[in-house]
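Asker: Now for the letters of each chain:
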Amino acid sequence: MTLRRLAILQWVGLMLGAWVWGAQHALGWGITEATCNSGHAAAGIDHDLWQAILAATAGALVLGGGAAAIAVLRATRETSYESAPPLGRMRFGAIAALPANVIFLMIILLDGLASIFNLACRQA
Amino acid sequence: MAVATPPTPTAGERVDRLELMWQSRPGVLGWLTTTDHKKIGLLYFWATLVFFAAGGVEALLIRTQLSQPNEKLVSPNTYDQLFTMHGITMIFFFIIPMSTGAFGNYLIPLMIGARDMAFPRMNALSFWLFAASGIFIYTSLFLGIAPNAGWFNYVPLANRQFDTGRNIDFYSLGIIFNSISSTLTAGQFIVTIFKSRAPGMSLNRMPLFCFAYLAASLGLLFALPVLSADTILLFLDRNVGTHFFDVAHGGSALLWQHLFWFFGHPEVYILIVPAMGIATSIIPAFTQRKMVAFPLVAIAELLVVFIGFGVWAHHMFATGMPTISLVFFAAATAMVVIPSTIQVFAWCWSMVTGTARFRTPLLFIAGFIFMFVTGGLTGIMFLAIPFDQQVTDTYFVIAHFHYIIFGAAVFPLFGGMYYWFPKVTGKLYYELPGQISFWILFVGTNLLFFPMHIVGLLGMPRRVYTYSDGLGWTAYNLAETIGGYVTLVGILLLLGNLAASYFRGAPAGPDPWHGPTLEWATSSPPPDYDFPVIPKVTSAYPNWDPADRQEDRRKLAEGVLVLDEGHEQVATSPVDGLFAEIVEMPHESPWPIILALTVSLVFTMLVLQKFGVAAVMAVLCVLALLGWHSKEPQES
Amino acid sequence: MTDYVAGGRRLDEVPRTTEAAEALAVSRALRARLGPPAACWGMLILIASEGMLFAAFIATYYYLRFTSPEWPQDGLPAPKVLVPLILVGCLIATSVPMQLASRAARGGRLVATRLFLLAALVVQSGYFAYEVHDFQDQLRKFDIGRNAYSSIYYTLLGADHAHVALGILFNLWLLGKLARGLTTYRANATQAIAWYWHAVNLITLAVIGTLLSANV
Numbered sequence: 001m002t003l004r005r006l007a008i009l010q011w012v013g014l015m016l017g018a019w020v021w022g023a024q025h026a027l028g029w030g031i032t033e034a035t036c037n038s039g040h041a042a043a044g045i046d047h048d049l050w051q052a053i054l055a056a057t058a059g060a061l062v063l064g065g066g067a068a069a070i071a072v073l074r075a076t077r078e079t080s081y082e083s084a085p086p087l088g089r090m091r092f093g094a095i096a097a098l099p100a101n102v103i104f105l106m107i108i109l110l111d112g113l114a115s116i117f118n119l120a121c122r123q124a
Numbered sequence: 125m126a127v128a129t130p131p132t133p134t135a136g137e138r139v140d141r142l143e144l145m146w147q148s149r150p151g152v153l154g155w156l157t158t159t160d161h162k163k164i165g166l167l168y169f170w171a172t173l174v175f176f177a178a179g180g181v182e183a184l185l186i187r188t189q190l191s192q193p194n195e196k197l198v199s200p201n202t203y204d205q206l207f208t209m210h211g212i213t214m215i216f217f218f219i220i221p222m223s224t225g226a227f228g229n230y231l232i233p234l235m236i237g238a239r240d241m242a243f244p245r246m247n248a249l250s251f252w253l254f255a256a257s258g259i260f261i262y263t264s265l266f267l268g269i270a271p272n273a274g275w276f277n278y279v280p281l282a283n284r285q286f287d288t289g290r291n292i293d294f295y296s297l298g299i300i301f302n303s304i305s306s307t308l309t310a311g312q313f314i315v316t317i318f319k320s321r322a323p324g325m326s327l328n329r330m331p332l333f334c335f336a337y338l339a340a341s342l343g344l345l346f347a348l349p350v351l352s353a354d355t356i357l358l359f360l361d362r363n364v365g366t367h368f369f370d371v372a373h374g375g376s377a378l379l380w381q382h383l384f385w386f387f388g389h390p391e392v393y394i395l396i397v398p399a400m401g402i403a404t405s406i407i408p409a410f411t412q413r414k415m416v417a418f419p420l421v422a423i424a425e426l427l428v429v430f431i432g433f434g435v436w437a438h439h440m441f442a443t444g445m446p447t448i449s450l451v452f453f454a455a456a457t458a459m460v461v462i463p464s465t466i467q468v469f470a471w472c473w474s475m476v477t478g479t480a481r482f483r484t485p486l487l488f489i490a491g492f493i494f495m496f497v498t499g500g501l502t503g504i505m506f507l508a509i510p511f512d513q514q515v516t517d518t519y520f521v522i523a524h525f526h527y528i529i530f531g532a533a534v535f536p537l538f539g540g541m542y543y544w545f546p547k548v549t550g551k552l553y554y555e556l557p558g559q560i561s562f563w564i565l566f567v568g569t570n571l572l573f574f575p576m577h578i579v580g581l582l583g584m585p586r587r588v589y590t591y592s593d594g595l596g597w598t599a600y601n602l603a604e605t606i607g608g609y610v611t612l613v614g615i616l617l618l619l620g621n622l623a624a625s626y627f628r629g630a631p632a633g634p635d636p637w638h639g640p641t642l643e644w645a646t647s648s649p650p651p652d653y654d655f656p657v658i659p660k661v662t663s664a665y666p667n668w669d670p671a672d673r674q675e676d677r678r679k680l681a682e683g684v685l686v687l688d689e690g691h692e693q694v695a696t697s698p699v700d701g702l703f704a705e706i707v708e709m710p711h712e713s714p715w716p717i718i719l720a721l722t723v724s725l726v727f728t729m730l731v732l733q734k735f736g737v738a739a740v741m742a743v744l745c746v747l748a749l750l751g752w753h754s755k756e757p758q759e760s
Numbered sequence: 761m762t763d764y765v766a767g768g769r770r771l772d773e774v775p776r777t778t779e780a781a782e783a784l785a786v787s788r789a790l791r792a793r794l795g796p797p798a799a800c801w802g803m804l805i806l807i808a809s810e811g812m813l814f815a816a817f818i819a820t821y822y823y824l825r826f827t828s829p830e831w832p833q834d835g836l837p838a839p840k841v842l843v844p845l846i847l848v849g850c851l852i853a854t855s856v857p858m859q860l861a862s863r864a865a866r867g868g869r870l871v872a873t874r875l876f877l878l879a880a881l882v883v884q885s886g887y888f889a890y891e892v893h894d895f896q897d898q899l900r901k902f903d904i905g906r907n908a909y910s911s912i913y914y915t916l917l918g919a920d921h922a923h924v925a926l927g928i929l930f931n932l933w934l935l936g937k938l939a940r941g942l943t944t945y946r947a948n949a950t951q952a953i954a955w956y957w958h959a960v961n962l963i964t965l966a967v968i969g970t971l972l973s974a975n976v
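If you're matching them up, the sequences are chains A, B and C in order.
Numbering-wise (the working numbering), the first sequence opens with residue 1 and increments by one.
Numbering-wise (the working numbering), the second sequence opens with residue 125 and increments by one.
Numbering-wise (the working numbering), the third sequence opens with residue 761 and increments by one.
Chain A extracted, bound-state conformation (with noise of 0.2 Å):
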């Protein structure tokens, strides 16, 4: 594996999950906001539909997130996360990559299930 397609590896890894659950986040709210306003309720959304697809889609994406941090530590398996830059660096980004990739997706798991769940446009 080339240096270069290591290091994009490692970057995908560290910052994708981030992004694609903030997204989820956000938009996962705004279309609760939407449904249950008064200047959409027309808008003609299903609302859970909506919500299953944004978070599988998430979820997806988290774990390639999460592949591509473990193809990392595969390929730096020489090397210590104290060693010297690129290597050395790039295992210490995967490292740090699985934990924040485990967390994304459970937060995206618990978004996507509690929002299908409960009724929907019930006050709280």
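Treat the hints loosely; a few may be bogus.
[Stated by the list, open to error] Within a straight-line C-alpha distance of at most 25 Å, the following computed SDA-like cross-link-like pairs (lysine to any residue) qualify: (1) Lys414(B) <-> Ala84(A); (2) Lys414(B) <-> Thr2(A); (3) Lys901(C) <-> Gly365(B); (4) Lys755(B) <-> Ala919(C); (5) Lys162(B) <-> Gly594(B); (6) Lys937(C) <-> Pro710(B); (7) Lys937(C) <-> Pro714(B); (8) Lys937(C) <-> Gly365(B); (9) Lys901(C) <-> Pro714(B); (10) Lys755(B) <-> Glu779(C); (11) Lys755(B) <-> Arg788(C); (12) Lys734(B) <-> Ala939(C); (13) Lys901(C) <-> Val976(C); (14) Lys734(B) <-> Val976(C); (15) Lys734(B) <-> Ala783(C); (16) Lys840(C) <-> Leu612(B); (17) Lys734(B) <-> Ile904(C); (18) Lys901(C) <-> Asp635(B); (19) Lys734(B) <-> Leu870(C); (20) Lys734(B) <-> Ala922(C); (21) Lys755(B) <-> Ala783(C); (22) Lys755(B) <-> Arg906(C); (23) Lys937(C) <-> His711(B); (24) Lys937(C) <-> Pro757(B); (25) Lys414(B) <-> Leu109(A); (26) Lys734(B) <-> Ala919(C); (27) Lys734(B) <-> Arg900(C); (28) Lys755(B) <-> Asp903(C); (29) Lys755(B) <-> Ile928(C); (30) Lys755(B) <-> Val976(C); (31) Lys414(B) <-> Ser83(A); (32) Lys414(B) <-> Gly88(A).
[Said to hold, decoys possible] Far from chain A, by Cβ distances over 12 Å, these chain C residues were calculated: (33) Tyr764; (34) Gly768; (35) Asp772; (36) Ala808; (37) Ala819; (38) Ser828; (39) Pro839; (40) Val856.
It is worth saying that the hints were derived from the structure and are not from the lab.
Glycine included, C-beta positions come from ideal geometry on N, C-alpha and C.
Chain A is already provided as a structure; the job is to place chains B and C on it using the hints.
Answerer: Same frame as chain A, but now just chains B and C:
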């Protein structure tokens, strides 16, 4: 190994040249025109202590008013101003500037092996703007028209219809004024951390303190503008006749809350993340082992702030929003706990598996972990929407956030004051009074804040200026007030100890703790130029690498990377620390304080509603900026 | 000891960039430098901060819209589409000469830098002059204090115009500096100000897009 004594005569000459290049003007003029990150850090330290005292007086007045039922120490109107100013002062004028402006400014360049921040004059500007914004907002208190609608200032109460005086205009403008200072500081830290590290210090070799401050700075950068937007909209509603928050004309009162808490929640993570950075610096020094799970702690610090941007509506669970909207925020709130927990485990594991010396700094960190976990547990309870709706606006909330703020943000600041005292002053502090000050503070803060959980569950609302007898709240309130005064004793002992140690402490030398990071590799206090050579870095604990420190002495003897041809600094690539260029840095300058003065004039004219004059003052600001940018690096 | 290696490079390869005070020296120094200067990073910070400010205002627009039964409120007219879009197109096009100016400055080509900057400035000033006239015209038709729609409309638009004005001031200052020759400082400034304009152009597109979405 400190490079305090030059190893050869020619090395001595080079050090003399550096001293000459970097020396500052003597006296008051030197302080007013300084761009030295250490001097600016000290200016912040003293200024924030003054605001801490002010916020503390406000707190003790509140507690004394609440010590007995139907107390008449202060009027309801005064009480409103007291609790509002207490919140504003402690958050915007104590914790943020103390942790970022004082600790961050002093330590970040030292930890990354730099000679100063990336933008030294802008650093000075941050301080003078901060000081001016504090004077601006406190003027309102002395005039008896301080902000009085709580630190989060909800509309419609804060709008023109119900709050007719200038109080809230001082709030809006004061907040915007202060946020300019904090935004500049945040930007400063981000650029410095990415561009000014010593060559070879790639991100995996950067101290965890810097990761924490990077996280806090990114948080400030992206959160503050939203608060500014909110307060701009409020200022327009109150002074120009717009209707953003006015339901009668198509506006939304809830809009204020969304914008406010989009800032407000990241703000509270910004409050504690630098303190976590301080904890992650103190623990390796006092356990003499590397931090457990270094990459996980680094990412956890960034994740706490990032995920913290997605939880804001958990402050709005009682507003009538639909459940399906609120669950997004409950979910994120549940998960934001995990990075904090990763850090807690790493800290505890490091303490258990290292040889822990419970000197005063580590005692404060142990206290911090206890209070952070306690406050965190009540925090998790809030994510349950039904529970939150019961305890919203009660003392339970006040208990939670004071455990977190005082316990998790302030305790490490106290620990850090002790830890870095030898570095900043060159003297050792007195250990026994230090330990006693910790225990008094620990007992005092727990006595002050723990009963608030109970009295909150018993139904006592927050922000009430008094309460009736016979509700079962009286004994708890009295205990809390006593706890407040015990806390005061602890703070006075701490500050008195540091003052006495400053005048009579034993000499500390460069490295009394055998600390892991680069600030311990230079003299105490550090010279104006921080390091005689730009240090060699091959690990995240550079002061524990004797070979590299030996190499630095050799470099000084041979004139390598001494950079004594001017007021010079290195710039490196952001990720891997590759050597990019050598740049000439600005030295002392009067423009920062001049610009801060012109900005103060703009805000003063705005609060007096003299908008035309404010525009003229803005032209003065532009002139000051032109003056600032008139001299280029190659001309100095 | 110029063959000493630090941070992956030999010391004699690392330029003292800020010393360069004429065109040839500037192009040599900047070719040897790795990556953008701190000035550009500082500009990125400003862009991030102002970008978030606009994001907050745009979010406010959509929040007010989703909580209103009727939009624009009170039967106010939705903005015209064609002329604003054409104008925005002209403004965005100035990113091209700004970027070319940035590259010319770093390459030591002073005359080209000045010409590209001037070309951009002419279009930007024309845009701004028209927009000021149009803003005043619209205020005569409906006042800012009419309702929440008018409040956010004029605030969002006014904030955008203010940032365009600031960019014009930056360009004027830069042309003034470049009148006296090229230095690394001025080349860095050109690069940073080009980044500012790219950001303002994108923000203007987002703002106009948001305001025009009332037609949908």
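Asker: Confirm or reject each hint.
Answerer: Now for the hints, and whether the structure bears them out:
1. Lys414(B) <-> Ala84(A): Answer holds: lysine 414(B) to alanine 84(A) is near 18 Å, not above 25 Å.
2. Lys414(B) <-> Thr2(A): At roughly 32 Å apart (the allowed maximum being 25 Å), threonine 2(A) and lysine 414(B) break the hint.
3. Lys901(C) <-> Gly365(B): holds, 17 Å
4. Lys755(B) <-> Ala919(C): Distance ~31 Å between lysine 755(B) and alanine 919(C) Cα, so the pair is violated.
5. Lys162(B) <-> Gly594(B): Violated, at about 54 Å.
6. Lys937(C) <-> Pro710(B): holds, 19 Å
7. Lys937(C) <-> Pro714(B): holds, 22 Å
8. Lys937(C) <-> Gly365(B): With Cα atoms ~42 Å apart, lysine 937(C) and glycine 365(B) exceed 25 Å; violated.
9. Lys901(C) <-> Pro714(B): Cα-Cα ~48 Å, so violated.
10. Lys755(B) <-> Glu779(C): Answer holds: lysine 755(B) to glutamate 779(C) is near 13 Å, not above 25 Å.
11. Lys755(B) <-> Arg788(C): Judged against 25 Å, a Cα distance of about 22 Å means the pair holds.
12. Lys734(B) <-> Ala939(C): violated, 38 Å
13. Lys901(C) <-> Val976(C): holds, 22 Å
14. Lys734(B) <-> Val976(C): Cα-Cα ~40 Å, so violated.
15. Lys734(B) <-> Ala783(C): Not satisfied, since the Cα-Cα distance of roughly 47 Å exceeds 25 Å.
16. Lys840(C) <-> Leu612(B): Violated, because 63 Å separates the two Cα atoms, which is more than 25 Å.
17. Lys734(B) <-> Ile904(C): holds, 20 Å
18. Lys901(C) <-> Asp635(B): Answer violated: lysine 901(C) to aspartate 635(B) is near 71 Å, above 25 Å.
19. Lys734(B) <-> Leu870(C): violated, 44 Å
20. Lys734(B) <-> Ala922(C): Holds, at roughly 20 Å.
21. Lys755(B) <-> Ala783(C): holds, 18 Å
22. Lys755(B) <-> Arg906(C): violated, 48 Å
23. Lys937(C) <-> His711(B): holds, 22 Å
24. Lys937(C) <-> Pro757(B): Cα-Cα ~14 Å, so holds.
25. Lys414(B) <-> Leu109(A): At roughly 35 Å apart (the allowed maximum being 25 Å), leucine 109(A) and lysine 414(B) break the hint.
26. Lys734(B) <-> Ala919(C): holds, 20 Å
27. Lys734(B) <-> Arg900(C): holds, 24 Å
28. Lys755(B) <-> Asp903(C): Measuring from Cα to Cα gives roughly 45 Å; hence the hint is violated.
29. Lys755(B) <-> Ile928(C): holds, 22 Å
30. Lys755(B) <-> Val976(C): violated, 52 Å
31. Lys414(B) <-> Ser83(A): holds, 15 Å
32. Lys414(B) <-> Gly88(A): holds, 17 Å
33. Tyr764: holds, 17 Å
34. Gly768: At about 8 Å from chain A, glycine 768(C) fails to clear the 12 Å cut-off, so the statement is violated.
35. Asp772: The claim stands: aspartate 772(C) keeps its Cβ more than 12 Å from every Cβ of chain A (closest is about 22 Å).
36. Ala808: For alanine 808(C), whose nearest Cβ neighbour in chain A is about 15 Å away, the distance exceeds 12 Å, so it holds.
37. Ala819: violated, 9 Å
38. Ser828: Given a closest Cβ separation of 5 Å, the condition is violated.
39. Pro839: holds, 18 Å
40. Val856: Nearest chain A Cβ is 28 Å from valine 856(C), so the label holds.
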